[in-house]
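Trainee: One letter stands for each residue in the lines below.
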Amino acid sequence: MKLAQLLALPATLISAVLAIPEYSEHLHLRPLPNGYLYAGFNFTASTSLSAYESQHFRYFPRSLGQILKHSGTRELHLRFALGRWDDESWGSRPRDGKREGGTGVEIWAWLDSGGGKPAVEERWSSLVNSLSGLFCASLNFIDGTKTTRPVLSFEPEGMHRGGGGGMELLHGTLPHEVVCTENLTPFLKLLPCKGKAGISSLLDGHKVFDANWQTMSIDVRPVCHVGEECRLEIQQTVDIVLDIERSMRPRNDPIPRPRPVEELECDESKSYHASDTCYPRRKEGEMAWSLSKIFGTPVRGSCHVADGDESHDISLEVSRDRAVEVLQGGSNETLVSHGQSQHVRAIRLSDTAKHTDISLPQQIIQEAPHQEQPPLYASRQITGFGQERGGMHTVLHNPHTYPQRIVYLESLPWFLRPYMHTLKVLSHPTTSHNQPATPVKPDKMFYTPALDRERGTHLELLLTIPAQSTVELTYDFDKAILRYTEYPPDANRGFDVAPAIIRVLPPNSNSTAGNEKTQDSYLRTTSLLLPLPTPDFSMPYNVIILTSTVIALGFGSIFNLLVRRFVLAEEVPRSAVAVRVAWVVGKVRGVVGGLKGRMRVGGEGGGGGGTVVGFGGAADVRGGMNGGSGGAEGRKER
Amino acid sequence: MDPTSTEDGGGVSAVEGTELPASGNAKATPPTESARTLLTRRTIVFSFWAIVLGLGLPHWLWTTSTYRASLPLSTMNDWAEGKACDLRFAFPIRVRVPGWTREEMVELSGSLSALLDHDGSDGLLDFTIHVGNADEEPILPAHGDPALTVVLHAAGSPDTNGVTSRLEPGESALHLGSGLRQAGEIADQIREITSPQQEALAYLLSGTPFAVTEHGVLRATQNTWSEASLDARNTRAFKPSTTYHLSFSLFVPGNEPSAWAIEDALAAYMTPLLDALAGVSNFTVTTQVQLHASFSPSIAGPTFDEASGKWKLRKEDLSGFVNAAEWPLSPSIGEGSTINFVLYVPAPGHSPLVVADTGGTGWLVPQWGGVAILNLDEPTTPRKSTTDTDRTTLSAANLDEIMLTFADQLTALIGLPSSPAGSLALRIAALQRERATALLLSTASTLGALSRLVHKLPNIPIPDTVATSVGTSLRHLDHACQDLRAGRYSNTDTNLGALGNAQAASEASEKAFFEPSMVGQVYFPDEHKVAVYVPLLGPMGVPLVLAGVKELLGWYRGMREKVKRT
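So the sequence lines, in the order shown, correspond to chains Z and U. Counted from 1, the first sequence has number 316 at position 316 by the numbering used here; the numbering is strictly sequential. Counted from 1, the second sequence has number 549 at position 549 by the numbering used here; the numbering is strictly sequential.
The set of hints was computed from the structure by calculation and includes no laboratory data. Computed from a predicted model, the values in this text were never measured in an experiment. Some clues are possibly wrong.
[Claimed, not checked] Covered stretches of chain Z (in silico footprint by chain U; criterion: 3 or more residues with CB under 8 Å from a CB of chain U, positions within the stretch not fixed): (1) 47 to 60; (2) 191 to 204; (3) 563 to 574.
[Claimed, not checked] Distance condition first, Cα-Cα at most 30 Å in a straight line; then the derived DSSO-like pairs of lysine-lysine: (4) Z:69 / U:239; (5) U:239 / U:511; (6) Z:354 / U:310; (7) Z:196 / Z:207.
[Claimed, not checked] Label pairs and their calculated CB-CB ranges: (8) Z:138 / U:296: 26 to 32 Å; (9) U:453 / Z:86: 56 to 62 Å; (10) Z:484 / U:49: 31 to 37 Å; (11) Z:381 / U:335: 47 to 53 Å; (12) Z:125 / U:532: 34 to 40 Å; (13) Z:249 / U:412: 53 to 59 Å.
Glycine included, C-beta positions come from ideal geometry on N, C-alpha and C.
Chain U with its partners taken away, still in its complex shape (with noise of 0.2 Å):
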């Protein structure tokens, strides 16, 4: 049997069946219309239709919108596939010769230049070479400041004699010894100082869309133990902040002591460490005593050990040292991450306490902060010949040992790097070229977060804060770029710097990603317009369609029969 001929003959049939009974039949047909009357219902029809279109429609599609700003959409996602930025560091190099002609300089610093530059081509860092001038004095840095000076004593001091090179803890220096003139052997020198930043830009860099292959054969040849490292240096670090919060907390077992001499402490240990970092971040400073201290009941506790006369702390149970239900240890209030340093003096009964496998009594709690154990000496020394504040009141020689933890642990906890080690300052600059990195990435990925939300959710509304916040992202990105490259890392009278744009980069970014308005958005369920529309629309829009497409029918037939016709 073949379909396809029956359906046609069926078809045919039924034409022929509507015709057949109005002519075969004695039926009386309708009066035919005037063209006035049929004139006057299609107006009628279509006057009902203009009136639904022309101003229910976009009544309806005006009042059931959401405002959407624009957004730089294609900027956005740019700078999320790190198209936007080639990331590469300025690294500014003077050299300087005390008693060399400045023929002489040029020519090293022209070697130098070429040796570096040959290493070079695969790292991040662009080397660029300086001639200082041979006094000591400083001259006006015409490119921003160097990055790392060389110091060459050619003439050989006393202190620097032979194959010696030597770092200063409060300037970005390198002094050589008069041993190290050949350029190969400078060379050297600043390869091994620059060489843990490299890495550690590269790791940061590594699975982003910002890592470019020639990175990749950089990053091919790290050794896995640095890698190591630096995963654990990140992990412990705190997220980049404008501020942090620093809490000291000194927690005591019983009722005593009850005070501590922490305002000496700090200013002696804490304040020079936080002045040296005021370049990266703000921080505040808060203190506070707590008696009465008890250990979390999930923790066994420390046990005594015979053998060595120390109550020992087993090492699963640091995690839970920190008892979070019932010390007060409250993240403090404002913008940015607080870091809690907590000192435990433990009961006389208790004392001396120590972590059980290493003896120690310090240890770092990742990205929260660092605790440390002060036991104090046995109450059968001279303490009784003592007055009733001394054994109240911790003193500030009692705190020494335990500033010094804090101190070091808050240089892990903000990832300070621990190399060059000889100079804070090198750290301290390589910090923030980090810091403004990860903040570059992060923003990015969070512009790209947010252009991915507004394209999958199309009903959400963008009010126009977003777009500004956006737009002021967007350009402190690019001039965090453009710092980058230049190597102005640190903020000036006149420019914020890598690290300030890519701060408030990465605040504008954040505000426009986490807008109210945006996150509470409004559940409005199809059911709901269902159940709605559906009654309006369904008795409504019946008799309208219907009589507009009978109408649509008839003009149709007419117009076919006038062709016909003719």
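So that you can see chain Z by itself, here it is in the shape it has in the complex (with noise of 0.2 Å):
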């Protein structure tokens, strides 16, 4: 009790000295294996809080303050991401996975729960619909089909008024929304530097949207420190993975085309190597770079706006023996790692100098890279054939000695039905394949069944994965067949369904030893694509016709065997009709000889001749028939 109180001490003297400086930046630069480097963007502000609750803004964003305020937002985590973290080659996710959403959009907040839940929903709807309109995405769909309320996964990050009572959570997800520069020029608009000075001026949406992966967040939480009013403070991130190569494409012939054959370097060792042969060599080392070329432009100046700002701005994580390069203004200087930490060198950018740039050449290290394992390996896929039912399918691959607790989340749409009693939850371990799959018992089970175009699934299981095993989760479910106005344009894409979230647990301390995590992470899968029944959309149609037709068809010989009369063959009477028309046929014909008539006489010059002779053709027919004006004057002549 004691060792902890005096632990407690110096970390709450240093709370009370170092006030946070109402803005900070921070990049942070890691090569991946293979080729890749990772950059993290860092950027947080902050505003006391009486100033938020009067609305006066300095460097926290007032747009944002404004959405915030009027939907009695408490917490607010938003996230757009695209691409996916290979965790088998990359290690474990920056930022613990705390910074990184789902495939698409997901935000999640604490939302003040007073006035009941009508109250707490409007609110939630002003909040995305505000929201979608800041930073142009689709985020105002994001309606009570595809907000849950999970009750494990998350818990706030900031320091709550009253103990955190009097918020609700509210999670939503929108996988099928691709991130784009629209989203970024608003994120950036939020910056006190707004992407012109400072490591922000390296963002450009050419860039970060090229990127392998990446995930940009907006972060809005209340932090307390002693002795110090609370303030609200906003943390956006934006991690990308770039693929290093790719990135330094010169920037006037951005297409990818073959190198010319004298380029190309080959690996001559081959047996088969020749002058129309190539097997291309392997890159030996380190890749030469620089943040000028992969960013397309240097940092320029620097965002220094808040007093007590004296941190590093950008640190780059790389082996000690690797030779790094600061161009700094008209000064080139050699960068090297500073005491406490040998891998990680730091700079600070320059007040004076317009432009600063980092440069590594390439080089052959011979100690590998440090990295660290992912706490979990996550996947997950969808199962099945046919258009009626599938299965979703999640493996979840505990590579550590020691056993974890995770939380699982799955938000499905309310049109994926699953089946709870086909839950299974098999372990088997990955050290030896002969022995029988063990099922293993969730701790907790949390599970709202979706209900149609209302609502949708929240499935959330507290699992415990053995030590260096690999657990199975599966389930069958039901695909429902959507109305016809309910399809999408793209309806035979398929319906996206939102990543599953992971939220590894920090592992009791008292229970297993040689794990200093105290912190939990989290993973998520990526997103699936789940193919609905699709009908051909001109189908309302066309079973109206058929539909029609058949009843016209009974309906016509039932009415008319009730209402008919029957009769012999020669009985029939002639019908009305027909002899109207054989009248009106008649008529014409006697028109049409009379005009015949009337151009052979004035041909020929004589008198009424010719009329005769057409009277007497037309009265073969009929004697009644007779019409029109040349029967007429034919009879008169007679």
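Put the complex together from the two separate chains, hints included.
Mentor: This is the structure we're talking about:
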């Protein structure tokens, strides 16, 4: 007890003395294996709660501050993500996966719970609609069907008044959303230096969205330090993994083209090497790169706007033997690592120099880069075939020598109807394949079944993954048939299912040894595409026509049978219509005949002989049908 | 040739022709039907038709009809045409003469009233004169608050001597010197104060159905200058709203200054004005600081003028000065309009920055907000000795002049009349009157538009909420009209007042007009209807109709034969 107090004392002292600056920014660079580079941008601004309440803003963005105040949001987390983090080769995720989102857009927030459920829903809809306008994203499509209320997966990061009572967590995802430049521009506008100075000047839509993996996050939370007024802090991060070679394509010629033969580097030791055959030689060592080549521009100026911000702007995590050069203004110096950490080299941007660039030459390093193993590997697939039913299959692999407790969260769309009685969680050790799989009993399970067109499924499981084993989680589901108007324009593409979110809980301090981690970490699977039965969209009309025809056929014959009178064929009287038609035909024929006759008469210059002939012809058909001027004239003449 | 005769002849022969073969040829005729089978068949056809007409048709009508709540269309049209309300504005005046007896005051007010009524007949304001107590203590207002109190200092106190008139900024009172004791002189003074108001109201009413011809007389006498100034005032001002969001922004091209003492400056200059305007609208205030603000590429940017040693901004560039694409000036959330106030502090290299022609540093963007440029002192002056925070922070003293500019721009942007210049209270009262009128007029035209829309689109569904909103709107309009005539302008505990009622009416009418379920009318074109109905109605309708016609004809012939026989 005493020890804990002693340990806690310096921490409080430090926080009391070192007030956090109103704004600070940081860029962390780390080369990854196979020619990739991780770049993590972090921008932190804060404002005192009293200034926020009276809506006076300095570095905290006003546009966001207003939205938060209007919607009664206590803590906000917003994520825009694209691509996949390759944990097999890149190791553990940056920032423990806490500033990462599932593919598309993800948002969760703690809202004031005053006024009951309808009031909270009203606030939530006002929040997502306003954010949708601010970030040019389709966040307004997050409605009741895409919103869940997770229980175990998230915990507030901020320090809230009253111990976090009186607020409610809502979580929404948009896996279909394509994150692009129009989301980055408003993101940069929130920064004090707006991408014009400091490290934010490196953020360019062409490079950020060309990355293999990219995630943009905005986190707003209240932070309190002892002896100081509580502050509202906004943390904006952009994490990207760039393919170094791809990023260094010249800007004026961005289209990848085959290299000229002379420039190819071939492995000449191969037996089949010839003038027309080339086996590309493996690149040796670390690639050469520089900030200006990768991002297309060096860092412009600096963004030291807040008092008391003395921290480093850029840190570079490379091997100790790697040569690093910094070009600041006109001077060129070699960057060496600081005392405490041998792998990290830090640099503070100069306030006077217009441009700062970091460049690293190609170098062969013997020492293998240190890489931390991720806490867990996870993957998720849809199984099955056909348009009626399918199955979900998640594989969680624990590579560590200690068991891990995780929270597994899935929020499924309503048209995917899972059968919870088919839920199976089986574990088998990775070391030996012979051992039979043993079922794992979830410690806790929260399940909210879906309501058609109103609510999606929420499934949360608290599991323990045994040491060095793989856990398979499977369940079956039905695919619902949507209404005609509910299909999107690209219905045959399939429907996106949001990624599963896995929270790895920190192990209890007394239970396991050999693990210093006290913070929980997050990871997300990729999003899935669910093919639903898609109709042919002219179907309604076809159905209408077909059924109408069948009905008409049946109706017509039955009706005729009921009302028709059956007589002998000879007895059938001439119908009035037929008589009338015949009369009209005769009349027309008479007119035509009369005209013909008159023309002939005109040609001969004689009297009405032709007319008589024409009348005689008509008279054969039927006496009563004489009509027309010709016939009448003929009769008169006779 | 005579076409009628030939046609007649043809018709006769045709009738003969039908009967000829039946009798002439030896063709067999079907046996005559028994009356029972005939009856059965007719019953069958009749029951089919009965089902179609009695069950099918109502069902079809019921399933395809749209719900249309009944709206008081005639009342709405009355308002739109200006028939529902004869707009007059009561203008109660209280006369108080310290030192006079009541009889003397009554006599004065009688003659004043006669004078004002004489020329008030073609005006919009209805003057009524009440006699106030001679004592200083206020009397209980029996007819609502007086719009104007005239205090005649007949006794002649030291500061109100002679023929002077004086207005108090905080109250709606006109103090007259002892030299202006004649009724005619007092009436002239009152007219001088109220004529801008009359003109403004006539301007508002002109061109609307509420403008009565007698107001036209007044309008004709108006000079063009005042019309132009009213035009300018009207185009500058925001549309009346219950809430305005004021957003004060500091834009800096570089890093500094990055803070400003805006809270102190607002408390000193804005809060008193906003408190005074509280009777007209609610105001919310937000402020922000934006660094690295660059000009839009569409403007030429400032140029350095050697002669004056100043950076000059061309007049054409003023409209594009605010870089709307990059400067985060998003409107505030919630109901109401946002008024933007932008303070721009040019970089030391570009200072002092002024507008080329006038040399001014501030301008107003109509219906958007105001812009001011603050040129800080030369960096060579004692500034170097000051501390770091002085360089990064604008003090309240720096902001004094700017805040006065912003306050001036705010009054113009909300449409506060500039006269009578002496009294803010009178100006605000005039604004209330104009606001109420403008809202009433816009509500009336909204209701008219809604009524026309309902009339023009017979397929549009009208939910009950629209009917309720229209009802609310009409009720408040009636109240507003009565309040205007009775002189209850501002709201009290018991009554919303003319302005409050007009606002409520306007909100309700907008809600009715922009009802989402009416805006999003489902597009169901006629081709689709044909595609749905023809396959069913064609094959089913033809036998039904033919059988019906045949039976009807048969029945008709039978009847005719019966008549012939008898």
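Trainee: Now, for every hint given, state plainly whether the structure supports it.
Mentor: Outcome of the hint check:
no. : hint                      : result
1   : 47 to 60                  : holds (count 6)
2   : 191 to 204                : holds (count 5)
3   : 563 to 574                : holds (count 9)
4   : Z:69 / U:239              : holds, 26 Å
5   : U:239 / U:511             : holds, 16 Å
6   : Z:354 / U:310             : holds, 27 Å
7   : Z:196 / Z:207             : holds, 16 Å
8   : Z:138 / U:296: 26 to 32 Å : holds, 29 Å
9   : U:453 / Z:86: 56 to 62 Å  : holds, 59 Å
10  : Z:484 / U:49: 31 to 37 Å  : holds, 34 Å
11  : Z:381 / U:335: 47 to 53 Å : holds, 49 Å
12  : Z:125 / U:532: 34 to 40 Å : holds, 36 Å
13  : Z:249 / U:412: 53 to 59 Å : holds, 55 Å
Violated hints are absent here; each numbered hint is respected by the structure.
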